[in-house]
Amino acid sequence: MESLQKLINKGKLLLLPSLLLTASSLDAQRYQVGDIVQDVTFRDYKTGMTTSLYELGSEGGVLVLEWFAWWCPFCTHAAANVEDGIVNYYASNGHPNQVPVRHIGLNVQGNSRAQSDTFISTYGVQTVVEDYDRSFFYEFSDAGQPLFVVINAEPNSPSAQQWEVLSVWLTYGSFPDVSTFLRPIINSVEAGIPPDPALMAFSSAPDPVDGWYASDWFGNFHGGAFPWILHEELGYGFVLDGPGDSIYLWRAGMGWHYTDPMVYPFLYSSAIDQWIYPLLYEEELWYYDYNAQSWLRFP
Amino acid sequence: MKNCIHILGLALLVATVADAAKLEYIDGSAELLTSGDVDLYSSFLSASFLLTEQSELDVRIDFNNQDVEYRPHPLFDPFGSENDLSDNLVGATISYSHETGRHTLGATATTYSGFRNYSSLWIDEYYRQQYSSGGIPGVSYEDPEPNGYGLEFSERFELIPSTTYLTASVGYLRDQVAPGYEIGDLGSSFELIRGDTVLHSWTGSVEIEGVLNKRMRTRQTIRLTRTTSRELRTGWNGALNIAVSQNWISRTSASFAHENPNFEAWSVSQTFEYSVSAKWSLGVTARYYEDTGQIESANLVSSAAPALDSQQFYLSLRRSNLENNSSFSLSIGPYTTNYAPTGIGTERFINLYADRDWWWGRIAIRHAF
Numbered sequence: 001m002e003s004l005q006k007l008i009n010k011g012k013l014l015l016l017p018s019l020l021l022t023a024s025s026l027d028a029q030r031y032q033v034g035d036i037v038q039d040v041t042f043r044d045y046k047t048g049m050t051t052s053l054y055e056l057g058s059e060g061g062v063l064v065l066e067w068f069a070w071w072c073p074f075c076t077h078a079a080a081n082v083e084d085g086i087v088n089y090y091a092s093n094g095h096p097n098q099v100p101v102r103h104i105g106l107n108v109q110g111n112s113r114a115q116s117d118t119f120i121s122t123y124g125v126q127t128v129v130e131d132y133d134r135s136f137f138y139e140f141s142d143a144g145q146p147l148f149v150v151i152n153a154e155p156n157s158p159s160a161q162q163w164e165v166l167s168v169w170l171t172y173g174s175f176p177d178v179s180t181f182l183r184p185i186i187n188s189v190e191a192g193i194p195p196d197p198a199l200m201a202f203s204s205a206p207d208p209v210d211g212w213y214a215s216d217w218f219g220n221f222h223g224g225a226f227p228w229i230l231h232e233e234l235g236y237g238f239v240l241d242g243p244g245d246s247i248y249l250w251r252a253g254m255g256w257h258y259t260d261p262m263v264y265p266f267l268y269s270s271a272i273d274q275w276i277y278p279l280l281y282e283e284e285l286w287y288y289d290y291n292a293q294s295w296l297r298f299p
Numbered sequence: 300m301k302n303c304i305h306i307l308g309l310a311l312l313v314a315t316v317a318d319a320a321k322l323e324y325i326d327g328s329a330e331l332l333t334s335g336d337v338d339l340y341s342s343f344l345s346a347s348f349l350l351t352e353q354s355e356l357d358v359r360i361d362f363n364n365q366d367v368e369y370r371p372h373p374l375f376d377p378f379g380s381e382n383d384l385s386d387n388l389v390g391a392t393i394s395y396s397h398e399t400g401r402h403t404l405g406a407t408a409t410t411y412s413g414f415r416n417y418s419s420l421w422i423d424e425y426y427r428q429q430y431s432s433g434g435i436p437g438v439s440y441e442d443p444e445p446n447g448y449g450l451e452f453s454e455r456f457e458l459i460p461s462t463t464y465l466t467a468s469v470g471y472l473r474d475q476v477a478p479g480y481e482i483g484d485l486g487s488s489f490e491l492i493r494g495d496t497v498l499h500s501w502t503g504s505v506e507i508e509g510v511l512n513k514r515m516r517t518r519q520t521i522r523l524t525r526t527t528s529r530e531l532r533t534g535w536n537g538a539l540n541i542a543v544s545q546n547w548i549s550r551t552s553a554s555f556a557h558e559n560p561n562f563e564a565w566s567v568s569q570t571f572e573y574s575v576s577a578k579w580s581l582g583v584t585a586r587y588y589e590d591t592g593q594i595e596s597a598n599l600v601s602s603a604a605p606a607l608d609s610q611q612f613y614l615s616l617r618r619s620n621l622e623n624n625s626s627f628s629l630s631i632g633p634y635t636t637n638y639a640p641t642g643i644g645t646e647r648f649i650n651l652y653a654d655r656d657w658w659w660g661r662i663a664i665r666h667a668f
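In the order they appear, the protein sequences are chains A and B. Numbering (this note's numbering) for the first sequence: 1 to 299. Numbering (this note's numbering) for the second sequence: 300 to 668.
Read the hints as simulated data drawn from the structure, not as lab findings. Ideal placement from N, C-alpha and C gives every residue a C-beta, glycine not left out. Please note that the accuracy of each hint is not assured.
Selected chain B positions facing chain A (Cβ under 7 angstroms, derived; list incomplete) [unchecked claim]:
| id | residue |
| --- | --- |
| 1 | 374 |
| 2 | 375 |
| 3 | 378 |
| 4 | 379 |
| 5 | 502 |
| 6 | 503 |
| 7 | 507 |
| 8 | 509 |
| 9 | 643 |
| 10 | 646 |
| 11 | 647 |
Computed Cβ-Cβ distance ranges for the label pairs, DEER-style [said to hold, decoys possible]:
| id | chain 1 | residue 1 | chain 2 | residue 2 | range |
| --- | --- | --- | --- | --- | --- |
| 12 | B | 492 | A | 118 | 16 to 26 angstroms |
| 13 | B | 330 | A | 118 | 38 to 48 angstroms |
| 14 | B | 487 | A | 207 | 29 to 39 angstroms |
| 15 | B | 433 | A | 38 | 27 to 37 angstroms |
| 16 | B | 629 | A | 180 | 49 to 59 angstroms |
| 17 | A | 204 | B | 487 | 37 to 47 angstroms |
| 18 | A | 41 | B | 433 | 23 to 33 angstroms |
| 19 | A | 180 | B | 483 | 54 to 64 angstroms |
| 20 | B | 433 | A | 98 | 44 to 54 angstroms |
| 21 | B | 487 | A | 38 | 13 to 23 angstroms |
| 22 | A | 41 | B | 432 | 55 to 65 angstroms |
| 23 | A | 30 | B | 330 | 50 to 60 angstroms |
| 24 | A | 180 | B | 567 | 39 to 49 angstroms |
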């Protein structure tokens, strides 16, 4: 499923130039529910420091983004509702799946420090970033504020991918009970599954992207069905943690192999009881058999 | 200031005229409408002069005072602060009429200075508190000087001698108002935009008034009004007076108005008056009014009033002197106004459009010479 999603995403990228030629592509470029939001940097309203979306969501859980302008009555109405129904609610009751819920205000009106301060303090907005030119706003909507976007920041969550958009909701012009609408969406986020212990050998690798790991010593592999992996050179295999940072790799037709960061790309094959050096040649995997003194193809 | 000069000119004119003309009668009235947070005082004094046997001059001075406790809703308007507002309106009107046979031509000039109602005063205070400290590119808030002047010309034709009259009139009123403000979206930023500061209103009306029989008298008026940036408003009002018996009089009136796209208002009023003696009479009046709410613009913040209904009930005591057509009356009674809930765009005016229980009282005099 994730591979399929990846292919779909790639397809979108390939289609992008042609879509740009049509008016409808403007909507297509906006994030929709289910899309993965790319990281974006902001200026923190209170500290003036640069921060980013991924940094704001680094503790995982759920991000509730709320765009506002101090003069907007729909914003004040929604902010009052969210303060009680989202911020205070989760502070008191917690999330049913024990994930953090973080509310972030995105201020779209610059040059009004005093009024913005009043708005922020009145409605208890803890984290505020600046989006004065509404560049990030327009990634989701071309209408008016207030706009609410819910993003899953929880890694390895079974309910949604990390940074997946769960809701885009524009409340301008309506009488919204924002909290009642958003809480089921927020509550649907399940806690991320902790990494399998066998993956501890790859603990220094960055978080997987669409299930793909990039180990600094073992290379790239897809671990979506761990402990089964799809290594970009070694192909399908089954891995277990070995002593220290070493791993055991099982591969169909060749049995178990041992390797670690010091010796890789050499593998020790238990089937032929010797070290081998795998080599990808013309999309087929070969290794040099020192006993036979010849190159043999992996089965 | 400009209006004060107008009024001073009017006073000088009256003084000149009074020398050369006969003072027919004077009218005066003082009204107070008070709720817990809004006090509205209005009064006028008018005088009618007979210039010749065919021509008449009426002058009138109005003085109104409004005291309003401005109380923003702390949750929906965190930028507002409480303030006690007070404003005076001074107005003057001069009317001239000339009778030629069955025709009477009339001309009326009017001018005023000040807020015409307490809602305008409240709304202006809201904009002052929101936008006078800057922060949004575009225009900035400016203190308004609401005032206006107008002219009306009429022709009254005696259709049936001493029985039925037909009056047609046209008028123009120029109002300099306290403008509204709204936020314009420039795409990557916002700007503050000021609404109309001058409104031009053109009116035309036709009225027929007559005796139906020895006990019934009626008046029917159709009026068209066209105001800057608004659709044509059509209105009707009618009145029917019936002498039920020697001592009882019934006065019924009703009105209806419509303006596209969706404004409608209507009212009905009923008075019963009983003559206790040749000089004293008692009256009881009930009045009901309802509208669909002002026409809300598409602005982000709208001060348009939501739907309103009001009920008024009052008792009147009148003393009349039939010998010289002079009278004195005292009226008093409760008055309630009930607004529909405000929309989000109007929520910041939630205390302006709050339901209110009022007391209303009026003293009126008329003395003929």
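Hint-by-hint comparison with the structure:
1. 374: It holds, given that the least Cβ distance between residue 374 (chain B) and chain A is near 6 angstroms, below 7 angstroms.
2. 375: 5 angstroms, holds
3. 378: Hint on residue 378 (chain B): holds, closest Cβ of chain A at ~6 angstroms, below 7 angstroms.
4. 379: 10 angstroms, violated
5. 502: Given a least distance of 34 angstroms, the restraint on residue 502 (chain B) is violated.
6. 503: 37 angstroms, violated
7. 507: 46 angstroms, violated
8. 509: Since the shortest Cβ distance to chain A is 51 angstroms, the answer is violated.
9. 643: 5 angstroms, holds
10. 646: 5 angstroms, holds
11. 647: With Cβ-Cβ at 6 angstroms, under 7 angstroms, it holds.
12. B:492 <-> A:118: 16 to 26 angstroms: 22 angstroms, holds
13. B:330 <-> A:118: 38 to 48 angstroms: The hinted range 38 to 48 angstroms holds for residue 330 (chain B) and residue 118 (chain A), with Cβ atoms some 40 angstroms apart.
14. B:487 <-> A:207: 29 to 39 angstroms: 34 angstroms, holds
15. B:433 <-> A:38: 27 to 37 angstroms: Given about 36 angstroms between the Cβ atoms, the range holds.
16. B:629 <-> A:180: 49 to 59 angstroms: Check passed, 55 angstroms falls within 49 to 59 angstroms.
17. A:204 <-> B:487: 37 to 47 angstroms: 42 angstroms, holds
18. A:41 <-> B:433: 23 to 33 angstroms: Once the Cβ atoms are compared, 29 angstroms apart, the range 23 to 33 angstroms for residue 433 (chain B) and residue 41 (chain A) holds.
19. A:180 <-> B:483: 54 to 64 angstroms: 32 angstroms, violated
20. B:433 <-> A:98: 44 to 54 angstroms: Distance hint for residue 433 (chain B), residue 98 (chain A) holds at roughly 46 angstroms.
21. B:487 <-> A:38: 13 to 23 angstroms: At 20 angstroms between Cβs, range holds.
22. A:41 <-> B:432: 55 to 65 angstroms: Roughly 31 angstroms apart at Cβ, these two residues miss the hinted range, so it is violated.
23. A:30 <-> B:330: 50 to 60 angstroms: 59 angstroms, holds
24. A:180 <-> B:567: 39 to 49 angstroms: Distance hint for residue 180 (chain A), residue 567 (chain B) holds at roughly 42 angstroms.
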